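K.L.:
Order-wise, the sequence lines are chains A and B.
Here my numbering is used: position 164 in the first sequence is 164, and no number is missing along the way.
With the second sequence counted from 1, adding 1000 to any position gets you my numbering.
Hint data in this document are derived by calculation from the structure and do not stem from the laboratory.
Mixed in with the good hints there might be a few duds.
Stated by the list, open to error - Using 25 Å as the maximum straight-line C-alpha spacing, the simulated BS3-like pairs for lysine-lysine come out as follows:
(1) A:K170 with A:K276
(2) A:K102 with B:K1007
(3) A:K276 with B:K1101
(4) A:K163 with A:K273
As the list claims (entries may be wrong) - Looking from chain A toward chain B, a few residues come up when the C-beta cut is under 10 Å (computed):
(5) L20
(6) F23
(7) M28
(8) P31
(9) F38
(10) A98
(11) R108
(12) C110
(13) V121
(14) V184
(15) V187
(16) T211
(17) L235
Claimed, not checked - DEER-style ranges, computed between Cβ atoms:
(18) A:E171 with B:K1197: 39 to 49 Å
(19) B:G1094 with A:N194: 20 to 30 Å
(20) B:K1197 with A:G19: 22 to 32 Å
(21) B:V1130 with A:N100: 28 to 38 Å
(22) B:T1042 with A:L164: 50 to 60 Å
(23) B:L1268 with A:T244: 28 to 38 Å
(24) B:A1022 with A:G177: 54 to 64 Å
(25) B:K1092 with A:V59: 51 to 61 Å
(26) A:R277 with B:H1286: 46 to 56 Å
(27) B:E1132 with A:L30: 17 to 27 Å
Source: prediction; values computed, not measured.
No residue lacks a Cβ here, since even glycine has one placed at the ideal position from N, Cα and C.
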Amino acid sequence: MIQKTSLETLLIKNYLFKGLIVFLSLLMLLPLLFILFFVLKNGISQLSWAFLSELPKPVGDTGGGVLNAWVGSLLLLATTSVLSVPLGIWVGIYLSEARNSKLAFCTRFCVDLLQGIPSIVMGIIAYIWVVVPSGHFSAFSGSVALSLLMIPLIVTATEETLKLIPNTLKEASLALGVPYWKTVLKVLVPTGFNGILTGILLSLSRIAGETAPLLFTAFGSPFLETSIFKPVQSLPLLIFNYATSPYEDWQRIGWGASCLLILSILGFNILAKVVKRS
Amino acid sequence: MADRIFKRSLALSGFLVCLLLAAIVLTLFWRSLPAIQEQGFTHIFSANWEPNMGQFGSKPFIWGTLITSFVALLLSIPFSIALAIFLGEYFKKGMIPSFVKSCIHLLAGIPSVIYGFWGLFILVPIMRNVQEFFGIEPFGVGLLTASIILTIMIIPFSISMAQEVIEMVPNDLKEAAYSLGATQYEVITKVILPYSKSGIIAGTLLSFGRAVGETMAVTMLIGNSNVMPSSLWGPGNTLASVIANEFSEATHSLHVAGLVQLGLILFLLTFVINLVGKWILRKLKHELNP
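With the rest of the complex left out, here is chain B:
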C-alpha cells in the first residue's frame, strides 16, 4: 500500500516536470499572441522594430543573435580543440593539467555580468583603439566586441565535451598507429581527431546554444541599436539583449507581448539547436558502446 503511494508520487513528480515544460511553451505562445495578431504572421520576421507603432519585426535581432554566436563559435573552435588535445593527449596527469582544469572550471563559474563589467572597462577601450587604427568610427561596443566576450565564455563548455570524446578513443587504435611508426602528430590528426569528430561537432553545437541565450555580457557590450546590423564593428542587438533592455520599461501590454514573442523565438532557436546536439551525442554514444 505504502509502496504504491510512493511509486505513484514519484511518477507524479516526473509528470509534473513534463507539465512544467509544456506550461512554459504554452505561456510563451499565448502571451505573444496579441503581438502576432496585431501585425500579422508575415511581419514577425520583418526588419521594423517600432513597439509604439505596433511593429514587432524581429529580423535585426535574429541576425544579431546568429552573427555574434557564430563568430564566437568560429573564434573558439581552434582554442577549444587545442585545449582538449592538450588535456586529453599531451598532458593527461600531473600538476599542469589539474591547474589548467581548475582554471577552466573557474572560468565557467564567473557570472555573465562580471564578464560584461570587465569587457566594458578593458575590451571596449582596446576595441576603440583597434577601430581608430582601421579608421572606423570608434564605438568600442558592437557585434565584434560581444562576440569576443562570448568566445571567452563558451570555451569552457566546448572543451569539456571535446575532451571527454578524445579520452574515449580506444587505446588499441592509438597503439596500433604507434606500432606502425606514426608520430604523435600523425596519431592526433589521423586517428584521434577523425574518431572524435562527431563528438566535437556536438559539443560545438551545444555551446552554440549557450551563446545564443547569453544575455548580460552581450547586453552590456553590443551597443543596443534596433536596426539591421550593417557591419561587425557596428552596434546591434540580440534577441536576449532587447528583452533585457526593454522589458522592465515596456509600459503598454502590446510592447510586452512583442518582447514575449522575441522570447518565444529565442526559445525555439535554442530548442532546435539543443535537440540536434543531443541527437548527435546519443547517436555517438550508441556507436561507441553498442
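Same shape as in the complex, but just chain A:
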C-alpha cells in the first residue's frame, strides 16, 4: 500500500523544520552574546591608564592595576614564541616536503596527538622537566608548557600554507639551477610568509588565554618581574585568582582584566586577518 501524504502536510513539515533549525541556532548564539556583553559591560569601565600602569594593591585599598600581569603575559608569549616558532616552522617544512616517507607519516601522527593532549597535562610535564630540576617556579617553565601547546599549531599552519604553493614555482626555481635548500628557504618560505605569520598570530591568540598549564609553572607573583627565571603573574592567572576571591574590589579588577584579555585576543585575530589579506 502506498502511503499518501498531502502536499500541505509536507510543506508544513518543511517550514516547521526550518523554523526549528533557525530557533535552535539563534538560541545557541544567545549565551555567546550574553557572555561578551557581560564581560564588556563590567570590564570596560575599569580600563584606564592607571589600570594598565599600576601594580595591584592589597585588599581594602581601592584602585590598583594589572601592570605586572600584562607584562608577565607578554614575557611568557615572547619566550614561548622564541622556543616554539623556529622548531614548528622547520617541522612544518619537513612535513610539506617529505610527504610520503615513513618518518613523515609518524611525525604527522605525533603532531596530531600532541595537539589533543589537555593543556593541564602539559603543565605537569613542564613542572617535572623544568620546575623540579631548577627548584623554583619560573616564567621559563611556563613558556615550556605553552610551547608544547603551540608547536603542533605552528607545524600544522606551516604545512597547510606550504602545501598550497603550486609545484610549478618550485620546479621553475630548480630548473634555473637553484639548489634545493635555497629553493625551499628563499622561494617557498617567503612565498608562504604571510600564511605562516597568520598561523603564528592565531596560535598566539589561542595560547594567550591558557591558564591551566601556568598554575604550577609561572605560578603568579604580586611584583613586576621581567626576569624569565622568576615566577611571573599573567592575565589569565590573575583572572582566576581574583574571580575566586571573595573581595568585590578584586572581582572588579578581574572583570577589567578579562576585558583586556578578550580585547587583546581579538586584536591578534584582527591582525591575523589583515596579514592574511595583504
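Once you've looked at the hints, dock chain B against the given chain A.
P.N.:
Same frame as chain A, but now just chain B:
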C-alpha cells in the same frame, strides 16, 4: 652537500617531535610510578582519594570527567547539528552566515577562565534558583553547572566539523532528490544527514576529547568534592580539576606522584578518544575521495 645537510636537519626536526611525544608519555609513567607502587595496581581505580594516607583511587574523578563531558555532549548535539544545517544548507552565503560564523569564531576564542568567571556570577545563581525550585540543597556549583558551561564551550568545535561534512555532500545527490519532488526537509533528513553521519560522529568524538581535558571553567564550577558523585546536582571533581586544585599545594612527593598518575589517566583517555575520532575521519575522507 648543503642539500644533504638541509634534508637531514629537516628529518631530524621531525624525529624530534616524535621524541617529544615519547618523552611526555615516559615522563608521565615514570613519575606516577611511586604512587602506583605505594598502593598496588588494583587500587588505582578504587574510590578512595586520601593523599595523606597514600590512597590514590581515581574512580570518583574518572566518573566525574565522563559524566560532565557526556552530559555536555548530549546537550550540545542538537544545537551543533542545527547550526551546521543552518550554515551548510539554509544560509550558505550573505550577511547572516558571516555574522554567525564570526560569532562562533569569537566563542571559540574566549579563554576557559573567562567562561568560568562568567559561570560563577551568572550561571551559579541561576542554578541555585533552579535547585531551590526543585527542593534540592542549593549549592549552585556542581556537575550539571560544569556540564552546561562545557556545552557552550564545545559547540564551536563540533559545528565546524559537522558543517564541513555537510558541505561535502555532492550536489548531484541533492539535485536528484529535489528533481523527484522532495522538499528541503526531506532532502536534509533523508539525504544530507545520513550521508554526513559518520563525519558528525567523528566531530562529536573530537569535541568530547576537548571536553574531557577542559580544566579552568570546570574547576571553578564543579564544587570540588573528592567523593563519588551521587547526583548531577551535587558537587564533584574531574581528573583535570583535581590536578588544578591540588598540584601547587601538594607538599610531599607521593601526593605529586598521585596527581601525575591522574594526569597519566587523563592523557590516556584523551589519547584513545582522539585516536578513534581521527580514525573515523580518515576512513570517511578515504570513502569520499578514493
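K.L.:
Give me the numbers of the hints this structure contradicts, sorted from smallest to largest.
P.N.:
15, 21, 24, 26
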